[in-house]
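> Sequence order for the protein chains is A and B. Each residue of the first sequence is one higher than the one before, starting from 1 at the first, in this note's numbering. Each residue of the second sequence is one higher than the one before, starting from 1 at the first, in this note's numbering.
Don't read these hints as lab results, they were simulated from the structure.
When the alpha-carbon atoms are kept at most 20 Å apart in a straight line, the in silico DMTMM-like pairs for lysine to aspartate or glutamate are as follows:
#, chain 1, residue 1, chain 2, residue 2
1, A, Lys49, B, Asp98
2, A, Lys58, B, Glu103
3, B, Lys64, B, Glu22
4, B, Lys41, A, Glu88
5, B, Lys64, B, Glu52
6, B, Lys55, B, Glu22
7, A, Lys61, A, Asp85
8, B, Lys14, B, Asp88
9, B, Lys66, B, Glu22
10, A, Lys49, B, Glu103
11, B, Lys41, A, Asp85
12, B, Lys64, B, Asp88
13, B, Lys41, B, Asp88
14, B, Lys64, B, Glu87
15, B, Lys20, B, Asp65
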Amino acid sequence: AQSVSQHNHHVILSEAASLELGCNYSYGGTVNLFWYVQYPGQHLQLLLKYFSGDPLVKGIKGFEAEFIKSKFSFNLRKPSVQWSDTAEYFCAVTSAGGQNFVFGPGTRLSVLP
Amino acid sequence: GAVVSQHPSRVICKSGTSVKIECRSLDFQATTMFWYRQFPKQSLMLMATSNEGSKATYEQGVEKDKFLINHASLTLSTLTVTSAHPEDSSFYICSARDSAYNEQFFGPGTRLTVL
Numbered sequence: 001a002q003s004v005s006q007h008n009h010h011v012i013l014s015e016a017a018s019l020e021l022g023c024n025y026s027y028g029g030t031v032n033l034f035w036y037v038q039y040p041g042q043h044l045q046l047l048l049k050y051f052s053g054d055p056l057v058k059g060i061k062g063f064e065a066e067f068i069k070s071k072f073s074f075n076l077r078k079p080s081v082q083w084s085d086t087a088e089y090f091c092a093v094t095s096a097g098g099q100n101f102v103f104g105p106g107t108r109l110s111v112l113p
Numbered sequence: 001g002a003v004v005s006q007h008p009s010r011v012i013c014k015s016g017t018s019v020k021i022e023c024r025s026l027d028f029q030a031t032t033m034f035w036y037r038q039f040p041k042q043s044l045m046l047m048a049t050s051n052e053g054s055k056a057t058y059e060q061g062v063e064k065d066k067f068l069i070n071h072a073s074l075t076l077s078t079l080t081v082t083s084a085h086p087e088d089s090s091f092y093i094c095s096a097r098d099s100a101y102n103e104q105f106f107g108p109g110t111r112l113t114v115l
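The whole structure should be built from the sequences, with the hints applied where relevant.
What follows is the structure in structure tokens.
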């Protein structure tokens, strides 16, 4: 069965700091990988996704993620965070062609102004 | 991206009553919709997969007689929490799969509080 782990439960940064949120998955086959963001009181929004091709994926709002197959990782990065990035971030995986998302436990990011 | 709506956004009900939550794909047809449950400060847990015109597929541990799912059209799926109890209080989120883009779009969620 697939599973997703996220390294940090709560990350606190100051504005302009660099961000990296860890995500590891367990699945033996080909996967599709996603990062979603949930701002306070709002619904899940897709930040970026990886299906195939270039393992460095660029998403919205300056976020990017790198798929490292050998490490089963899909870490999310942003070079300079803003206060408005305060939110909950979820990593998710599906098997290639599959539909069922498996979500990680989430990482809460708090950016201090 | 595509839009998925949920209604109501928030509902408070008495213990023992039933509550229906609607999930609609507004600008695309979704043969498959998904229902998730999110407890406070926790991740989303898939409850069931709703297939248009057929029975839903429930995840292990989810009572199908308690959480009734109906996917009567390509744009609407409903989740009915029957005989609700306080432990059913949670945030329920649906998603709809747009097969044209091989992507799921999530609704805004429904917060259910059972008194």
